[in-house]
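Whenever a hint applies, use it, and build me the whole structure from the sequences.
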Amino acid sequence: MAGHNSPWGGGGSGSDENGGEDKPGEDTPGKEGGPRNPWLPSGETPPRRSASIEDIFRGRDRRKSGGGPRGPGGFPPLPRRPGGKSWLPMGIGLVVAVLLGLSMFHMVGPKEQGIVTMFGKYARLIDSGISMTLPWPIERVDIEDVRSFRVDMIPDNDSEKLMLTSDKNLVDLSYLVRWNIKNLKDYKFRLADPQETVREVAEAAMRASIAQISLNDAISGAGRAQVEQDVRERMQRILDYYKSGVAVQGVEIKKADPPAKTKAAFEQVTVAQQEAERDRSEARAWAQQQLASAQGNASQFDKVYEQYKLAPEVTKRRMYYETMEGVLRDNDTVVAEAKGVTPYLPLPEMKRRGEELPSTTVTAKGGQ
Amino acid sequence: MQDLWHNYKAVLIGLAVVVLGVMMSIIIVPEDQQAVVIQGGKPVRVYNAFDPKRDFGQTDAGVHWRIPGYERVERIDKRLLSVDMQSQQVLSTDQQRLNVDAYARYRIIDPVKMVQAAGTTERVTQQLEPILSSVVRQELGKRTFQSLLTAERGKAMANIRDLLDREAHEYGAQVVDVRIKRADLPEGALASAFTRMEAARQEEAKTITAKGQRDAQIIRAGAEAQAAKIYADAYGKDPAFYDFYRAMQSYRVAFVKDDTAKTFLLSPDNAYLKHFRAP
Numbered sequence: 081m082a083g084h085n086s087p088w089g090g091g092g093s094g095s096d097e098n099g100g101e102d103k104p105g106e107d108t109p110g111k112e113g114g115p116r117n118p119w120l121p122s123g124e125t126p127p128r129r130s131a132s133i134e135d136i137f138r139g140r141d142r143r144k145s146g147g148g149p150r151g152p153g154g155f156p157p158l159p160r161r162p163g164g165k166s167w168l169p170m171g172i173g174l175v176v177a178v179l180l181g182l183s184m185f186h187m188v189g190p191k192e193q194g195i196v197t198m199f200g201k202y203a204r205l206i207d208s209g210i211s212m213t214l215p216w217p218i219e220r221v222d223i224e225d226v227r228s229f230r231v232d233m234i235p236d237n238d239s240e241k242l243m244l245t246s247d248k249n250l251v252d253l254s255y256l257v258r259w260n261i262k263n264l265k266d267y268k269f270r271l272a273d274p275q276e277t278v279r280e281v282a283e284a285a286m287r288a289s290i291a292q293i294s295l296n297d298a299i300s301g302a303g304r305a306q307v308e309q310d311v312r313e314r315m316q317r318i319l320d321y322y323k324s325g326v327a328v329q330g331v332e333i334k335k336a337d338p339p340a341k342t343k344a345a346f347e348q349v350t351v352a353q354q355e356a357e358r359d360r361s362e363a364r365a366w367a368q369q370q371l372a373s374a375q376g377n378a379s380q381f382d383k384v385y386e387q388y389k390l391a392p393e394v395t396k397r398r399m400y401y402e403t404m405e406g407v408l409r410d411n412d413t414v415v416a417e418a419k420g421v422t423p424y425l426p427l428p429e430m431k432r433r434g435e436e437l438p439s440t441t442v443t444a445k446g447g448q
Numbered sequence: 048m049q050d051l052w053h054n055y056k057a058v059l060i061g062l063a064v065v066v067l068g069v070m071m072s073i074i075i076v077p078e079d080q081q082a083v084v085i086q087g088g089k090p091v092r093v094y095n096a097f098d099p100k101r102d103f104g105q106t107d108a109g110v111h112w113r114i115p116g117y118e119r120v121e122r123i124d125k126r127l128l129s130v131d132m133q134s135q136q137v138l139s140t141d142q143q144r145l146n147v148d149a150y151a152r153y154r155i156i157d158p159v160k161m162v163q164a165a166g167t168t169e170r171v172t173q174q175l176e177p178i179l180s181s182v183v184r185q186e187l188g189k190r191t192f193q194s195l196l197t198a199e200r201g202k203a204m205a206n207i208r209d210l211l212d213r214e215a216h217e218y219g220a221q222v223v224d225v226r227i228k229r230a231d232l233p234e235g236a237l238a239s240a241f242t243r244m245e246a247a248r249q250e251e252a253k254t255i256t257a258k259g260q261r262d263a264q265i266i267r268a269g270a271e272a273q274a275a276k277i278y279a280d281a282y283g284k285d286p287a288f289y290d291f292y293r294a295m296q297s298y299r300v301a302f303v304k305d306d307t308a309k310t311f312l313l314s315p316d317n318a319y320l321k322h323f324r325a326p
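Chains as they are written, first to last, in the numbering used here: chain A, 81 to 448; chain B, 48 to 326.
Derived from the structure by calculation, the hints contain no laboratory data.
Incorrect hints may have been included.
As the list claims (entries may be wrong) - Listed below are several chain B residues computed to face chain A (Cβ distance under 8 angstroms; list not exhaustive):
(1) D124
(2) I156
(3) G188
(4) K189
(5) L196
(6) I255
(7) F288
To be verified - Using C-beta positions, here's what the derived DEER-type ranges look like:
(8) A/K191 with B/Q86: 46 to 52 angstroms
(9) B/G188 with A/F229: 37 to 43 angstroms
(10) B/K100 with A/G189: 46 to 52 angstroms
(11) A/R258 with B/K258: 52 to 58 angstroms
(12) B/V64 with A/R317: 55 to 61 angstroms
(13) A/G189 with B/L51: 44 to 50 angstroms
(14) A/R258 with B/K89: 49 to 55 angstroms
(15) A/N237 with B/G88: 46 to 52 angstroms
(16) B/Q143 with A/E355: 34 to 40 angstroms
(17) B/A246 with A/Q354: 33 to 39 angstroms
(18) A/G330 with B/A268: 25 to 31 angstroms
The beta-carbon is built from N, C-alpha and C at its ideal position, and this holds for glycine as well.
This is the structure in structure tokens:
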């Protein structure tokens, strides 16, 4: 509405500081050098000379007495009151009264709160809805959104923000802080720059927390929830200590990456992890195969053995003959084994035949 | 209107003078300011001085009076103010460099002293900044790099705050808090940190690969052992029959008719052919 600490309008704060110096002519009727009177017909004012009180009344006299010649840029004559007097003072009074009247009513939105000060001194808080105060120079109202969360993104652009971790590594971090006002009085009167304070406190708290965890915890997300919680509590503690009237609603780490320059090396680790996992699962698959086949073979043997035990001799013979049958039929050379018989080995022929069709030769050389 | 002016000229002018006089002698002190009234260079009264026990509304903010022309009013911020330290290099005891960015928060608790010593809050901030700088450098320089990063920070900060607070009292100020906003590696150390991180990652990658292979081998060996046990349990019931049974199976596979067959010359005394001769 007006200057910050001037309930009297322009120049109010100056009045304390310039001591006994004169006020600007605005407030001193009868003095030369005041502002130009806008109500004066311009044609009648000598150029570059501001209106004095006499001028104003002289002009008005002329208008009252039937209207003299008007300049080309002059105002149209104002309507008269019955007594022949001008409406002008009343009009001005009315406008001032309406403005003052309006300054008594305040609309406070559903998420807002207003703080009422009377001559600069805190008077009371007003809540949502329409409230009344004393008119403007006496009471002033500052309305502030207290319920909706303000979001601070740190850093506020996409640049890399490196922080040191406990193992002297660096992590590129970006996060956001959500907060609102929990105590409007404190928020308004305690801190010189509450918004910047929130950012600085967030920065200090985040760095302190990150400095306590290792790079892996910071990146993997394992420690992330813990860090967010820590930072929130730490911030709240500091801000309460400052009596800032700010409630930190949440801290959220949006990005925690290794620095861009070391990204390739970090990807190698990921690749290695995948390779190692692949090796392991291949081994597990192989192991399953081995076990399954062992179980299969064992139970096959068990089954056969059961039968064998019922008739050992017969079963054994049968198996022997069946096997030999197959083996000997599929192979074409049989070398008998007998004492006194010189084994003849048609090696060149066998070799030739071996190229055409496979053969297995079992040679018994027992007879020598 | 003209009559009014003519008849009450003296009254109107008198009224204007009174209004002007009142406006000049009134002081409006908002909640977030402290006002020191100075009488010809000597501070005589303080309005709305900082007092932690008095809540807003119970303070003496509001309307006060002064003698115009004779008394001057100096307004001083009552709120928490900040001193921002420019980033500067700190050398830890183990000869490592760190760029430190700190801030302090203070408030004026003795406005009279402050008006006499510094004049304005901007001047106080200007005076405190170099002190903060040197105190930070001095205090952090006593510590190792690692302790700068972690828990000991809290204690260092408290020391710095106390040192700065002592200095600030000269200006009627109270230092509430000092905090490190950032602690970064300087340019050169940054490059070597990156190299170190890369080397560490490569080492980790190799370790992970090797561990994967080791695990795979262990898994295979375990499976083999288990399979051996299964076989032993089954075949151990009758080793002689197993010998025969397995030989039969083996002959079928060994003497199969296929393209890869090779010619072997084996002695009939060969252990493998034991069951070839007789069941």
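Comparing the hints with the structure gives:
1. Hint status for B/D124: holds, given a least beta-carbon distance of 6 angstroms to chain A, under 8 angstroms.
2. Restraint check, B/I156 versus chain A: the minimum CB separation of about 14 angstroms is more than 8 angstroms; hint violated.
3. Checking B/G188 against chain A: minimum C-beta separation of about 18 angstroms lies over 8 angstroms; hint violated.
4. Interface hint at B/K189: violated, since its Cβ lies 18 angstroms from the closest Cβ of chain A, which is beyond the 8 angstroms cut-off.
5. The interface hint given for B/L196 holds, since its Cβ lies 4 angstroms from the closest Cβ of chain A, which is under the 8 angstroms cut-off.
6. Against a cut-off of 8 angstroms between C-beta atoms, the interface hint on B/I255 holds, since the closest Cβ of chain A lies about 4 angstroms away.
7. The interface hint given for B/F288 is met, as the beta carbon of that residue sits about 6 angstroms from the closest beta carbon of chain A, less than 8 angstroms.
8. Under the hint 46 to 52 angstroms, the C-beta atoms of A/K191 and B/Q86, about 48 angstroms apart, fit the expected range.
9. Distance hint check: the CB atoms of B/G188 and A/F229 are about 41 angstroms apart, consistent with the given range 37 to 43 angstroms.
10. Between B/K100 and A/G189 the CB atoms are about 34 angstroms apart, so this pair departs from the stated range of 46 to 52 angstroms.
11. The beta-carbon spacing between A/R258 and B/K258, approximately 42 angstroms, falls outside the hinted interval of 52 to 58 angstroms.
12. One distance hint, 55 to 61 angstroms for the beta-carbon pair B/V64 and A/R317, holds here, with the actual separation near 56 angstroms.
13. Distance hint for A/G189 and B/L51: a CB-CB separation of about 46 angstroms, consistent with the stated range 44 to 50 angstroms.
14. The hint said 49 to 55 angstroms for the Cβ distance between A/R258 and B/K89, and at roughly 50 angstroms that hint holds.
15. At about 51 angstroms, the beta-carbon gap between A/N237 and B/G88 stays in the expected band of 46 to 52 angstroms.
16. One distance hint, 34 to 40 angstroms for the beta-carbon pair B/Q143 and A/E355, holds here, with the actual separation near 36 angstroms.
17. The hinted window of 33 to 39 angstroms between B/A246 and A/Q354 is violated, with their beta carbons roughly 21 angstroms apart.
18. Under the hint 25 to 31 angstroms, the C-beta atoms of A/G330 and B/A268, about 51 angstroms apart, miss the expected range.
Hint compliance for this structure: hints 2, 3, 4, 10, 11, 17, 18 are not met, and every other hint is.
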